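A.B. asks: Listed below, chain by chain, are the residues.
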Amino acid sequence: MEQHSAVVLDGSEAGDVGAAQVRRVLEDELRNQGWRVDVYAPRELEIAPCVGCFNCWVKTPGRCENEDDSQAIAAAMISSELTVFLTPVTFGGYSSLLKRALDRVICLVSPFFTRIHGEVHHQRRYPSSPYLLGVGVADEVDSSAAGIFSTLLERNAINLHAPGHAAAVVRRATAADAMRVALQHLLTASGVPS
Amino acid sequence: MNAERHAFLLVGSPRRGKSTSAALGRYLGDRLAEQGWWTGRAFLYGLIGNAERERDLLGTLREVDLVVLAAPLYVDSLPAVVTRFLELWARDIADCTDPPRSSLTAILNCGFPEAEHNHVALAICRRFAHETGLGWCRGLALGGGEAFGGRELDQVGGMARHARRALELAAAALAAGEHIPDAAVELMARPIVPRRIYQWIGNRSWRVKARRAGTLAELRARPYEANS
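From first to last, the protein sequence lines stand for chains A and B.
Numbering follows this note's numbering, in which position 48 of the first sequence is assigned residue number 48; successive positions increment by one, without gaps.
Numbering follows this note's numbering, in which position 208 of the second sequence is assigned residue number 1208; successive positions increment by one, without gaps.
Worth flagging that the hints you see were computed from the coordinates, not collected in a lab.
Computed from a predicted structure; not experimentally measured.
C-beta: ideal position from N, C-alpha, C; glycine also.
Zero decoy hints are in this set.
When the alpha-carbon atoms are kept at most 30 Å apart in a straight line, the in silico DSSO-like pairs for lysine-lysine are as follows:
| hint | chain 1 | residue 1 | chain 2 | residue 2 |
| --- | --- | --- | --- | --- |
| 1 | B | K1209 | A | K59 |
| 2 | A | K59 | B | K1018 |
| 3 | B | K1018 | B | K1209 |
Stretch by stretch, here's where chain A covers chain B in the computed footprint (C-beta under 8 Å, at least three residues):
| hint | stretch |
| --- | --- |
| 4 | 1013-1022 |
| 5 | 1071-1081 |
| 6 | 1103-1114 |
| 7 | 1203-1212 |
Next up, chain B with everything else stripped away, as it sits in the complex (with noise of 0.2 Å):
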């Protein structure tokens, strides 16, 4: 039985509940839960830089079996407030007598069609883990993450199939003890839609939202070149 067992999401988006990471964080707690599992979560945009709330926080995770870090991708790796996080939390375990109970999975979604540019992230997860004796159950990355636009996978339909059942899968796995299999890693890096049809709409995308802030003609500015 699981009952006794304890799931943790940290949303590291600044969109918080409206995010594609917390869509994706709620999907697999919710699968958790259906196994048994009591899921809590918490919103790192808000709460990094509050004292007390940090300690809670940090006081929390010392308590979980599993944390879910659900996060999008900036410059190639994590958010600057998940990292500070980490760091936080790095000092908390060391600070602690006990050894750390839980283990980490994380769940990174980019802006690019590709999940592989997730990679270095989850690697940098995969490292604080061991750095810091977590136990480590691999990680998700999905491609294309804004075209769910932090909407329940449930709504998303057909363009959420992969990463409902990578989810399902994963779940099943983490609620076993076991760590996520290849299938759902597979599953989740599927694109979304082809390449280029989402290279085609981003690009028109912007040029949508720039004609209605009344900036399409200014979209390629150089603020910053000399003499401009």
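Pulled out of the complex, with its shape left as it was, chain A reads as follows (with noise of 0.2 Å):
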């Protein structure tokens, strides 16, 4: 039988022992429920910043012409049927490392415009797209903060054409089993089928 495809992009540094214990729950809820996981950590890979120079809109479409592993990430994504953004939640938004890979990912997005909801957007190129998951990971739980990582992770949905999304933020110190539980949760709130 054929394995969904899930992948994981983890954004948090080396040496966050919270982030790693999320992930390993993450990865071992996914694959209990029978993804196939594949997981991208930001740090250990090369990837610039994006340099707004839309050559992968114009020049090469789809492909940013700067062929680091960013590209293999952009691949990744269009390919799974969920992608999971784990991140410590910074000033309510995403890391740096996580968002040094998603901003080189707008080569999945056309450049041409469409209206979703009365508000332009880009439109699709693929006629498919991944769930979007956004896990968040923090000493506290802010609900300014959560509200921001929500409300952003709505928006990449929208732009990146996500059939369905949720998203949570999560204390680091939480027992396991209650994070195993918070995420069987988030899953079921994105819609992705399981």
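Build the complex from these two chains, which are given one at a time in their own frames, with help from the hints.
C.D. replies: What follows is the structure, given as structure tokens:
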């Protein structure tokens, strides 16, 4: 039987024990549910910052001409049915490590504009996109930061044409069992078929 | 008198001095300079990753009254380089025994016609100020920033009239030690051109650029599609 494919982008820094624990539980839960899981940790990869040239839309459509590790991530994301952004909550948003990877995947959408819910966005390039899951990690869950985090994931889901999405912030010190339950709820909330 | 007041512009665009972000920040900085402020600036691209230049910049920021962050929107939030800078700045503030004396404002612009796309990124800036103890003077969001093409606002003509007025109102408030007023926020958010026209021009410009690059037939290519 063919397995569903999930990609986890781990935007934590080396030595972040809490994020590593969340990642272990997440990977374990996904595999238990029958997913094939591929993990990319930008801290271990060579990913240059996006230089805003738009050559991935015009000169080499659909692909960044700087073929560092970001393009393996882009290819994996668009081939997956679920992509998970795992990141320390950074002022409500993503860590710079995760963001460095995400800035380089705009090649996955078309430069052309369309309207979604009355607002202008880019057209989809591929016929299907992965469901998006945002898992933020923090020492304490702050409602304001968690709200920003959720909204950011929601905006990403619109712009990346995700068929479903969900986001949550979990405490680093959360016990593994409680963390597993939270991640199960998150997967359900995203609407991703199990 | 404002003779002792210092403002520092941080430009978070990879296009550096030729960016719309820089032009917006310069216009605000010039208005502050007219009111007697000293203004300085740095471009985060090319600086972040250079430990010595990072240290110099963080040292400078400890001494200024107002920091103006001007940046484009990348994937619904601040560019990675800007985020990295905020991470470093937060650590520097935490390491400092004295509480920070600066206030922060942000001018963000995006390539979509609606300014609202910038709101999450502005919320991140506000949250950064809250977590670090910096004052937050509110921020400005511009939609359709691509249309300015990095030109000085004085050279853009009527298309930038609302942005210029917004920055003038913002400068007057900041110089007086006040938050950016609602009127400035509303003016900056006004569409540069009607949305339908912006969308049409935008779509056409991609085709023109692709024709020049010889890639018109490939614009919708899917290089990462299975079996492609």
